[in-house]
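Protein chains in written order, with this note's numbering: chain A, 86 to 176; chain B, 0 to 333.
To be clear, the hints were calculated from the coordinates, so they are not data collected in a lab.
All values reported here derive from a predicted model rather than from experimental measurement.
You may find that some hints are simply not true.
Unchecked claim - No more than 27 Å apart at the CA atoms, straight line, and that leaves these computed lysine-lysine pairs for DSS-like:
#1 A/K106 <-> B/K225
#2 A/K115 <-> A/K126
#3 A/K148 <-> A/K126
#4 A/K115 <-> B/K222
#5 A/K126 <-> B/K57
#6 B/K222 <-> A/K106
#7 A/K171 <-> A/K148
#8 B/K221 <-> A/K106
#9 A/K115 <-> B/K225
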Amino acid sequence: MEYRELVRSIPKPMRDPLSVKFMDILLEAKESDAIPSSVAKTILYYWQRDQLASEAGLTTLFKTVVEADPERAIGVIDDFGLEEIKLAISS
Amino acid sequence: MTSFGIEFVPMELFWRTTYYTIQAERLGYDSIWITDHFNNRNVYVSLTVIANYTDRIKLGPGVTNPYLVHPTMTAQSVASLNEVAPGRVICGIGAGDKTTLEMVGVEMKAPLRTVREAVEIIRRQIAREKGNYDGKVFSTTAGARFNFRANESIPIYIGAQGPQMLQLAGAIGDGALINASHPDDIERAVTLIRKGAEKKGRDPKEVDIAAYTSFSVAETEKKARKPVIPVVAYIVAGSPPFILEKHGIPVETAESIRSALANREWGAAFGAVNDTMIDAFAVCGSPEQCTEKIASLFKTGITHFVTGSPLGPNIRSSINLFGFEVLPHFKEHP
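If we strip away everything but chain A, and leave its shape as in the complex, we get (with noise of 0.2 Å):
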């Protein structure tokens, strides 16, 4: 699955809230232990620039939030009502 491309189809105004929603998912995850410190590096990365809504940011984002709790990604999204990238990711 390539999540850039995945990314790329999310309309813009969406981009921010959901990545607000990814990031609470990856704070509250007890499966985030399992986050390599390489991964949280680059999603520090992109926060201290105020650039995890950007296409890079979003796409790390939402590869870690999905490794992470799928459940819960899955939620996220359908309540965003991607239902395509709902599929892309369910299967």
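Starting from the known structure of chain A, fit chain B onto it as the hints suggest.
Relative to chain A, chain B alone:
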């Protein structure tokens, strides 16, 4: 001058604490304090990571103690951190928590003298002063100097609660961290800090006086109060009788909470915490209520307000609420 700080307990993963500190810096907080307990992640590792991802905010241990960490090592740590975050390092030091020290078989002997000598050694080390230091608790030889330069002084804040430690903070501290949340307790503390400064011939205005509170903000008071219950249970359990009596809390109730906590009976311990205790030992509520309470604390003469644990039911949301709805009442965005 009005400053705002935030405390983090490094129980969370390093990246999460760092995420919150970036958020706090962006919203206009002035200082970050990381607690120093052997059973949590290391304070200086936490601070170094944070220093690498922040640019403006001041940062330091809040607070370390000289019983578990020798002052030469504290001096080395803060001086090293100062290379990573030049001019941004602050150092909070206090006598520590008796219960935690007892866990590792360390007795809290002569706390006033120990803290005073520790502060003197930290300053001497950072300044690379020559000669011996011959204290009653600590001593160093002339050879104990750093092999590197710290370049600038690092403000030392003394964590204090009791009358004598508060006066010591006024006498020798660049700042004081008052371990209290109620306006009456803080007003009393400010008076003692100023008295300590004056007795030493200092202008009390030289001392940055911070209220280091248990804090929680949420959209509603009910949501904000819930997370402070465990924190308040520990504060009640550890408070001396005169403080409890002053707030109308029966000593026997505090004893029963202490006993329940010692036996890990969380339901009994937390269930015994009531509104009187929360009002005495925490600043919490909706943004409007917190704004009002903080304004009343600034009237006591403090110059710095620290939002300590637990911060709120959801840390990210609570930092946002504070930054967007409370801070603007007191200061302009940086």
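Hints versus structure:
1. Simply put, A/K106 and B/K225 have alpha-carbon atoms about 23 Å apart, close enough for the 27 Å limit, and the pair holds.
2. Pair hint A/K115 plus A/K126 holds up; C-alpha atoms about 18 Å apart against a cutoff of 27 Å.
3. The suggested pairing of A/K148 with A/K126 holds, with an alpha-carbon distance near 14 Å, which does not exceed 27 Å.
4. A threshold of 27 Å between alpha carbons decides the hint, and for A/K115 with B/K222 the separation of about 23 Å falls inside it, so the pair holds.
5. For the proposed pair A/K126 and B/K57, the alpha carbon gap of about 21 Å is at most 27 Å, so the pair holds.
6. Distance restraint check for B/K222 and A/K106: the Cα-Cα separation of roughly 20 Å lies within the 27 Å cut-off, and the hinted pair is therefore satisfied.
7. Between the alpha carbons of A/K171 and A/K148 the distance comes to roughly 13 Å, so the proposed pair stays at or under 27 Å and holds.
8. Between B/K221 and A/K106, the direct Cα distance comes to roughly 24 Å. Compliance with the 27 Å bound is thereby established for this hinted pair.
9. The straight-line distance between the Cα atoms of A/K115 and B/K225 is roughly 22 Å, inside the 27 Å bound, and the hint therefore holds.
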